[in-house]
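Q: Listed here are the chains, written in short residue letters.
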Amino acid sequence: MNFDYQTRRKLTDRTMVFLCGAAAFIAMIPLVSLILYVLLQGFKRLDWAFLTHLPAPVGVPGGGMANALLGTLTLMLLASLVGLPIGIMAGIYLSEYGKKNKFAWAVRFTSDVLSGVPSIVTGIVAYTLVVKPMHNFSAIAGGIALGFMMIPIVTRTTEELVKMVPHSIREASWALGVPQWQTILAIVIRTAKNGILTGVLLSVARIAGETAPLLFTSFNNQFWPQSPDEPTASLTVQVFTYAISPFKDWQDQAWTGALVLLILVLAINLAARTFFKNPRGLLR
Amino acid sequence: MNPSAELTDNGGAKPRALPLLSFGKSGFADKFFQKLTAFFAFLILFLAFLTALTLWQASAPTFHKMGWNFLTSSDWDPINGIFGSVPFVYGTIVSSMVALFIAVPFGLGISLFLTELAPMKMRDPVAFLVEILAAIPSVVYGLWGIFLLAPFMRVHVDPVLEALGGALRLPFFKGPSTGLSLFTAGVILSIMILPTITAISREVFEAVPNTYRESARALGATSWETILLSVLKPSRVGLLGAIMLALGRALGETMAVTMVIGNTPQVSINLLAPAHSMASVIANEFSEAVSDLHISALAEIGLLLMVITLVLNIVAHLLVWATAAKFQK
Chain G
6 MNFDYQTRRK LTDRTMVFLC GAAAFIAMIP LVSLILYVLL QGFKRLDWAF
56 LTHLPAPVGV PGGGMANALL GTLTLMLLAS LVGLPIGIMA GIYLSEYGKK
106 NKFAWAVRFT SDVLSGVPSI VTGIVAYTLV VKPMHNFSAI AGGIALGFMM
156 IPIVTRTTEE LVKMVPHSIR EASWALGVPQ WQTILAIVIR TAKNGILTGV
206 LLSVARIAGE TAPLLFTSFN NQFWPQSPDE PTASLTVQVF TYAISPFKDW
256 QDQAWTGALV LLILVLAINL AARTFFKNPR GLLR
Chain V
274 MNPSAELTDN GGAKPRALPL LSFGKSGFAD KFFQKLTAFF AFLILFLAFL
324 TALTLWQASA PTFHKMGWNF LTSSDWDPIN GIFGSVPFVY GTIVSSMVAL
374 FIAVPFGLGI SLFLTELAPM KMRDPVAFLV EILAAIPSVV YGLWGIFLLA
424 PFMRVHVDPV LEALGGALRL PFFKGPSTGL SLFTAGVILS IMILPTITAI
474 SREVFEAVPN TYRESARALG ATSWETILLS VLKPSRVGLL GAIMLALGRA
524 LGETMAVTMV IGNTPQVSIN LLAPAHSMAS VIANEFSEAV SDLHISALAE
574 IGLLLMVITL VLNIVAHLLV WATAAKFQK
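Protein sequence lines correspond, in order, to chains G and V.
Count along the first sequence from 1, then add 5; that gives the number in our numbering.
Count along the second sequence from 1, then add 273; that gives the number in our numbering.
These are computed hints drawn from the structure, not numbers from a lab.
As the structure is a prediction and not an experimental result, all values here were calculated from the model.
We put the CB at the ideal spot given by N, CA and C, even for glycine.
There's no promise every hint is true.
[To be verified] Calculated cross-link-like contacts (lysine to any residue; reagent style SDA-like; alpha-carbon spacing at most 20 Å):
#	chain 1	residue 1	chain 2	residue 2
1	G	Lys-15	V	Lys-304
2	G	Lys-198	G	Arg-175
3	G	Lys-104	V	Ala-494
4	G	Lys-105	V	Leu-326
[What the hints assert, rightly or not] A few chain V residues that face chain G, going by a derived Cβ cut-off under 7 Å, partial list only:
#	residue
5	Asp-303
6	Ser-346
7	Thr-388
8	Leu-390
9	Ala-408
10	Ile-419
11	Ile-581
12	Thr-582
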């Protein structure tokens, strides 16, 4: 075909614009397929028993993931105990005292770099530091691994959001003679609290879906969690174990577990958005 | 109405809620609070140090036994205590490259669509949907991968690739395929890193000043020419950063890869063959390790994985910062 120059320009333009739109459309296919399948397959087994019963042995009908659900909640709580204090305080430091000093720069950089450490590597670290000395897989080890992962996320979001508080509010407080630490605690943090809560929720949502660091820290358990120094089941590990099992019934339960997990994670994400309208850029 | 009530109405805090200490002593309190927050910030540095030290010590026994052979040998025999990391490094790098090969064009297309082309009303909903992809737990991707993607690849995609590979005499696509392969792992990774590429490149594109676009338009450029000249060209470095951050994510991704890569430690140029990755071998073997040396070897693989992702991340962050700084001037 022999087009003149102008026609060729126009054609290239139309084609490329179409391709960009098509890319956005095609990217929706796996998303829709995944969510539809989790819904369709998951609802087959979803009932009250699934949420309140212990897993049944192979071949025994019924059984659920109640212990795993409770385990996941326990792990989220333990992780928050490790991750939130460090993350929030460090975020406050970076925003309020660390505008232009080298230490703050180093912390910021290290925190960004830590957020790129693969979660399975964090799992090895928690195994070496906690499981090995205790000679036992435990919820504590899992919580510490997940807490380590939360720290950089919480630090970053806290810093960004505390920075957004207008400087004039701080100045107003200083002008009243309020010392800086009280200004920060009583004025700045309280103004930014919705934003900080959003960051916290997003980081919790992120770790709730983690499997890799739990495989050899909190491990798995077919029974109710008794105490935090015992192996503890979690939804993610349970879904993984059932998914790669050869039993049809377990595979069906894996889908239902995935559905519960997905609802949990998306609900936390949505809750985060209601506290703070535009958390773009915080998801990473 | 007193003046302080106005502040409260504006969403500020109530002054009377101050934990009142004597203001006179605040010099000490101020310093204390600053030191306290600085201490928590210091813990982050300490955590990084602890991570590196722990991995280093945990992998020492293997390093003593295998030395540099660990990096060059492709034998992995835990029973006899022989460990070489080549098949895993190969699997990780190749599956991530396949992922980039697919996700980069799509990601850039989507973010160009969202920043330059789409009607305003469409932008936020589409961006939201892409962000949901980032929120889905990787084990759910893996589940979907085992039961949907892998069979789909085996039946519909792999035969086409085999025919193509046969016709062009390429060694990359040779059957028969089980669906559990390096290629399937790459595909699932590409879906998982798509949100990262889209979100960061969107930020980079939005940082380009509008005057650039207007100048191109004023010279009579079409939409695509405007994009090429005044959006893509000035954001090259930032895009490279986005791609490297996405690559860092792909390298470290564990569960979804473990579930579809086939878990066979071999080096094969055939993308339709099963393989293994650094993260997946750790996930598979760590809790069932046959000896302390085996654990140590897996820890050394973890160390290697961390070093690779760290270098990548550091360079990527510097690149993204460099572009942001360029436009701020």
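Q: Next step is simple, just say for each hint if it's right about the structure.
A: Tested hints:
1. Proposed proximity of Lys-15 (chain G) and Lys-304 (chain V) is contradicted: the alpha carbons are some 65 Å apart, above 20 Å.
2. A distance of roughly 15 Å separates the Cα atoms of Lys-198 (chain G) and Arg-175 (chain G); the hinted pair therefore holds under the 20 Å criterion.
3. With a CA separation close to 42 Å, the supplied pair Lys-104 (chain G) and Ala-494 (chain V) exceeds the 20 Å bound.
4. This hinted pair does not check out: Lys-105 (chain G) and Leu-326 (chain V) have alpha carbons roughly 29 Å apart, beyond 20 Å.
5. Given the 7 Å rule on beta carbons, the hint for Asp-303 (chain V) holds: about 5 Å separates it from the nearest Cβ of chain G.
6. Annotation: interface hint on Ser-346 (chain V) violated; nearest CB of chain G at approximately 21 Å, more than 7 Å.
7. With a cut of 7 Å, the hint placing Thr-388 (chain V) at the interface with chain G is violated, because the nearest CB-to-CB distance is about 10 Å.
8. Taking 7 Å as the C-beta contact cut-off toward chain G, the hint placing Leu-390 (chain V) at the interface holds, the least distance being around 6 Å.
9. At a threshold of 7 Å, the smallest CB-CB gap from Ala-408 (chain V) to chain G is about 5 Å, leaving the interface hint in force.
10. The closest approach between the C-beta of Ile-419 (chain V) and any C-beta of chain G is roughly 6 Å, which is under the 7 Å cut-off, so the hint is satisfied.
11. The restraint placing Ile-581 (chain V) at the interface with chain G is violated, with a minimum CB-CB distance near 9 Å, outside the 7 Å limit.
12. At about 6 Å, the closest approach between the beta carbon of Thr-582 (chain V) and any beta carbon in chain G falls short of 7 Å, and the interface hint on this residue holds.
Violated hints for the displayed structure, listed by number in ascending order: 1, 3, 4, 6, 7, 11.
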